[in-house]
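> Residue-level listing of the chains:
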Amino acid sequence: MSIRTVTEIRPRDLPGEAERLLGDGYRLALVSAHEQARGFGLVYLFTAADPDRRSELRLLVPFENPAVPSLAGLSFPAGRFEREVRDLYGVTPLDHPLPRRLVRHHHWPRGWYPMRADAGPPPSFGDPEGPFPFVTVAGPGAFEIPVGPVHAGLIEPGHFRFSVVGESIIKLKARLWFVHRGIEKLFRGRAVADGLPLAERVSGDTSLGHALAYCLAVEEALGVTVEPEAQARRAVLLELERLYNHVTDLGALCNDVAHSILHAQAGRVRERLLRINAEVTGHRLLREAVSVGEVKLRSLPDPAQLREIGADVAEIAALALGHKVVADRFTGTAVLGAQAAKDLGTLGYVARASGLDVDARRDHPTLDLGAFPPAVESGGDVLARFQVRVREIAASIELIARLLDRPPATVPATGPQGTGVGIVEGWRGTIVHRVELGADGTLAHVKIVDPSFFNWPALPVALRGAIVPDFPLVNKSFNLSYAGNDL
Amino acid sequence: MRASELLVAAPAGVPLLAAAVYAVFGWTRRTAWLGAVAAALLLAAAVGLAVAVTGKPALTGCWGLLRVDALSAYMLIVIGAVALPAMLAGPGYLADRTGPRAAVLARRYGVFTQLFLAAMALAVLAASLGLVWVAVEATTIVTAFLVGHRHTRKATEAAWKYVVICSVGIGLALLGIVLLYFAALHAGLGEGEGLDLALLAERATALDPGVTRLAVLLLLLGFGTKAGLAPMHAWLPDAHSQAPAPVSALMSGVLLAVAFYAILRVKVVADQALGPQFTRVLLVAAALASLAVAAALLLAQRDFKRLLAYSSIEHMGLLALGAAVGGALALGAVLLHILGHGLAKSALFLGSGHIQRAAGNSRIESVRGLAARAPLLGGAFGVGLLALLGMPPFSLFASELGIARAGFGAGLGWVIVAAFALMLVIVAAVGRHALLMLLGRSSEPGDRTDRVDRGAIPLVAALGVCAVLGITLGPLGDLLGSAAAIATGVAP
Amino acid sequence: MPDLTYTELLYLACGAFLLTGVMVLWRRDLRAVIRLFALQGLALAAVIGVLAAHQGDLELALVGIGVGALRAGLLPYLMARALAAGGEDRETRPLVNVSASLVVAAALAMLAYAISRPLTELAPSPATRAVPVALTVLLVGFFVLVTRRRALSQVVGFLLMDNAITATAFLTTSGVPLVVELGVSLDVLLAILVLYVLTNRIRASFGGTDLDELRELHD
Amino acid sequence: MTGVAGVVLQVLLVAVGSPLLVGVMRQVRARLEGRAGAGLWQPWRDLRKLMRKQAITPAGTGWVFRAAPMVLAGTALVVAAVVPLVTTESPLDGVADLFAVTALLALGSVALALAGLDTGTAFGGMGASREVTVLALVEPTILVSVFALSIPAGSTNLGELVAAAEANWLSLLSPVTLLAAVALAIVSIAESGRIPVDNPATHLELTMIHEAMILEYAGPDLALIEWASAMRLTLLLGLLAGLFAPWGIATAGAGALGLLVAAIVVVVKVTVLGVALAAGEVFMAKLRLFRIPELLAGSFLMALLAVAASYFLV
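Residue numbers (my numbering), protein chains in the order written: chain A, 1 to 487; chain B, 1001 to 1492; chain C, 2001 to 2219; chain D, 3001 to 3314.
So that you can see chain A by itself, here it is in the shape it has in the complex:
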């Protein structure tokens, strides 16, 4: 796919180049760092839609006092990528406006950068950096509620610091990366086929999304051509993943307002979908179906059966929204404004519920889906995020039926590139994988960006002014991945 342009630049030209690309409608999709022979190689991947464009800026910084000019003033996500690279590799962003640690756990020793090749095994824990400098909110009636990282329910670890007055949230700070597994490091040196099981385990509920993004990246690097029919079947699987997750979320949102019967009904529908997954791929979470260059299915899903499920879901959603109390809980709760959503670089249903028309299925297509308007709502509240999911479920079912009916044309492959980028609209939002192959054909470097990385900062913004008891509901309406973010 020759739509990707690569430019080698000097570090000091970076801000100018980045500004030009951002001005042309690009967004920063990924920043990756890795050790090369003469220093740290940094890659800034910018993407733009309509038509599909991808532009890579590559630069090299020396091992001695590695530093790059910061792009935090140009783009909010860039600032977070830079802090991630600094915490994991030690490349300092110069003049960063908010240089607090992002990934670094305060038990890590100073000067220890876990993703460097010479990092060695994890050192014993100390407390050299001290506790995280949370901003303290003072004033009459203001107090702090620390929650997590261990929670009462069975969820992943994250620490939330609420500063509240009464029940109103003044400020919320989320601390993540409690489960940083160094998964990108584990890819290094593996054969491309052995990278697949790792990609499938980046985030449990997005097995297929990440596997597919990985495969697309590898295929671009190797110049592998995929049959249109196989590409269409991959798209079907992607929609199946979206279906079962969205249905789960609809039920969970109802459960968070204690409307348990709809939760139970959504659970029943979810189980049906998981069984369809198992019939189609042999795995309830769609694992081991996609591989480089091909796709293996046991059977194809039955559109009639899916349509029946769609009617079921529509009824559940109508019951939920027709319930006065449920509608009251959803409406106007934790509004994420369109401008904020755009500035934070949010993706997926979070962005679409705030009125942003983004969808990688249309913006970065692997095959021609025809007329495909994404479901966009303008409310930005919990209700809008609920409704976007409802509409996407219906759209997914129609899409599956269309794909099974007639495999559409695909985007042609290009020759081997050595590096590759895979962009997939997972159920949560746009997933980007970038791989670099070594001379021996093994994986030299893999960088993964889950949409959660972009969407987590939106949660505290949306929650400003909301009330504490609404937090679980709002959190579920975003439903962000900890594992996909922490990596």
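Hint data in this document are derived by calculation from the structure and do not stem from the laboratory. The hints are all genuine.
Each pair of labels, with its calculated beta carbon distance range:
(1) C:R2093 / B:A1296: 24 to 32 angstroms
(2) D:V3132 / A:S299: 53 to 61 angstroms
(3) A:A338 / C:R2093: 19 to 27 angstroms
(4) D:G3034 / A:G438: 48 to 56 angstroms
(5) D:M3051 / A:E294: 56 to 64 angstroms
(6) C:L2074 / D:V3132: 47 to 55 angstroms
(7) C:T2005 / B:A1052: 56 to 64 angstroms
(8) A:P99 / D:M3051: 50 to 58 angstroms
(9) D:R3045 / A:A278: 33 to 41 angstroms
(10) A:L74 / B:A1300: 49 to 57 angstroms
(11) B:A1296 / A:L74: 51 to 59 angstroms
(12) B:A1032 / C:L2074: 33 to 41 angstroms
(13) B:G1360 / C:L2074: 39 to 47 angstroms
C-beta atoms are modelled at their ideal positions from N, C-alpha and C, and glycine is treated no differently.
Given chain A's structure and the hints, the job is docking chains B, C and D onto it.
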């Protein structure tokens, strides 16, 4: 007897027929002046009735639903006298309106203004307090469409406020009527006669004071809202400034007075049932509040139609003051004031319509040097304001003097002093605005149109009548005396 | 009809009348408010019906049916249509929040009780003892009118007042003379039609019926 | 003598039966949601499991924390002895005053709220503050609504109230009784922490009220609290049933057979109410926290209107 019955029904019947004609034929060149003819007939019938009932027993008609005594006849004359110039101004007002919906709006205007006249006439003709209520509420409904006639945002807002506030007020009055009826039934009145104004006044002493007190309070509150007395006046400036000029003239000149007429009728009953002190306290409070509100808001007023509207609140306050004083002298003055204010205020509203059309809006600051640009209209407007402020030789001077004299005589000296202090503020405020409008330096070249000055003719005529009344009452004197006697409860 | 049952039934109807009136303060959903108003119309018709049955008065019974048809049928229908045309079905931010409104309603009930003492004392009977109920609804209606911001809520407030006045009329005197009765009903109907027309006009020129938008006229 | 027997009987019924009532309600919910459910005896099994565990008190807590479960359970037992569930003829009749009963129930709630504060954790404080907000509206409503009921009967003694209602069932149709019934039903739901006020089955610590207060309890203490909560729910439902459907409660002079019948009747009534509550919950969602005061203020208003109505509609 058939002739007299016909005469009794005529003041309400004629405009009703005119409304029907407008509804059928619409507003055409031939029907344009029908409204004025109906108003003239109304006035003629009123004069005829006045002659028939002055010093004689009341006439009844329409199966006893209507009854005309001297007070009713006098009010009919006021309605007719104000309606005639207002209706004459109608064709001029509508001539300017063009556009796709102009014909529909004109037809609607014709129908509703005539219905408005009919409802007001019915209110003063009605023999039963219940029917008075129905007629007064009917004026609210009819005028709501007239206030919102222009379909602008402001007009819609004014109409909404007007309907909601007045309907609530008038709803309270209805509750008062229900309670009064309850008291009347227990005072031995029959089912059909419990609300008859004459019978109520006759048997008032038998009414239960507890219930009557509540009823009278509600009635004063309700009709007071409709009469624009503070603190229930909020709708008045909006509605009067947004309505078409002829309608503003009618609303300000007579509708308020008709609502006040209902208060006078209730007061007759209340004073006999409860003694005069109860209504006096309420009316004094309302009077002073109205004067204070008017004074405060006139000082910084920036819109000349609203200026006139607040002036109406002031004059309603004065009427309340006169009614609170009581007695033949005060009530005679009150009735004279009603007529004088009706003539002057309606003339001013009509004049303001012409000024508004020339200036393009109704802001005081956009009208400068009126005396030089349109000498006749400007002069008449200025003289009209003088009349409104109670300057001699206009009848308002005589009636205000009468109220003050009666007030001192009744031992309400301090109230009169307070009221006149507030009126001094009002004189200063209105005078300042008037000077600016008439003599201030013009910032833009004037368009001295002939039409603007021609609009001054009804103004001059009305002011002339007003001035004559200030000097001599002439044949009205007897009628006024009989009407005042009825309003004091002396005559049946 | 035995006296005890008459009293029980009358008070039951009055209780329903009161409850529906007070519940209007409680609900934000305008559709629910309209439903409550319709229920109140039925309760009012029931009050009149019980009175008619007690007095054996056929005319009164017919009036009761008429009142029921108007207030539980036609008016709610008109309001529901206005609501369906507008698409905004919630009272978003009343001037006084709901909890405070409810407490105020309790105070209003006490006030109504106090001011209706003279009425009850003039003619003590089961019917006049229920007058405070009607007056409470009157005050609640007034409160709704003053504190709610949607055009439709204000209309409901006005109609609550009107229902209360009607109830008072029937509880105290079994109704005012028929001519006045007809005139009153006609006027109320017309007032509602005026408000209905104006609601549509407000929506056309202001783009919504939140009366906060009505701010152009002021001094 | 039947009085003493009746009291013993109703305390036993409440103590043993209340976890079963919770079990029934959970089972109803489970079945309505299409789940199998854990069975009627699960609450008792849970209590047994908790009783066998080691008692743990968090560091820094004082005697308030340790005493609260005892106070909660103790007050519930006393109320169980006093309230006319099976018999109106209790030897503790003098205590069976509505004010005393309300005060006892409030005492238990306050003890638990204090214990929540005593833990010094954010959740304990949060739960306590929310509970007190609810309590501040619930207690007056209970008082006022039972007061409204007491005006026609001329006494605030619960036994006499029930006896009077049983004697003249027509009075149950009056607006006073209906308004008071609605008010009491709402506050009973709030007081026992059910949907739409609180969710007894939630694991979301930030939304809890009752569960947040007792988050730090474990072992036998937790068992005591769970048991006491079940008893309070049973008592509130029993009180509702007694006041508004008084048939079958044994009055003075009822023999052993009368007591037995009364016991069966009360079990049926409370079970029916519990099943209705559980079934209603299935179709209900939890209110936004800020809407809860509205609900409670509404119930308070109804109670007040009931009092007002009892004055003018006589």
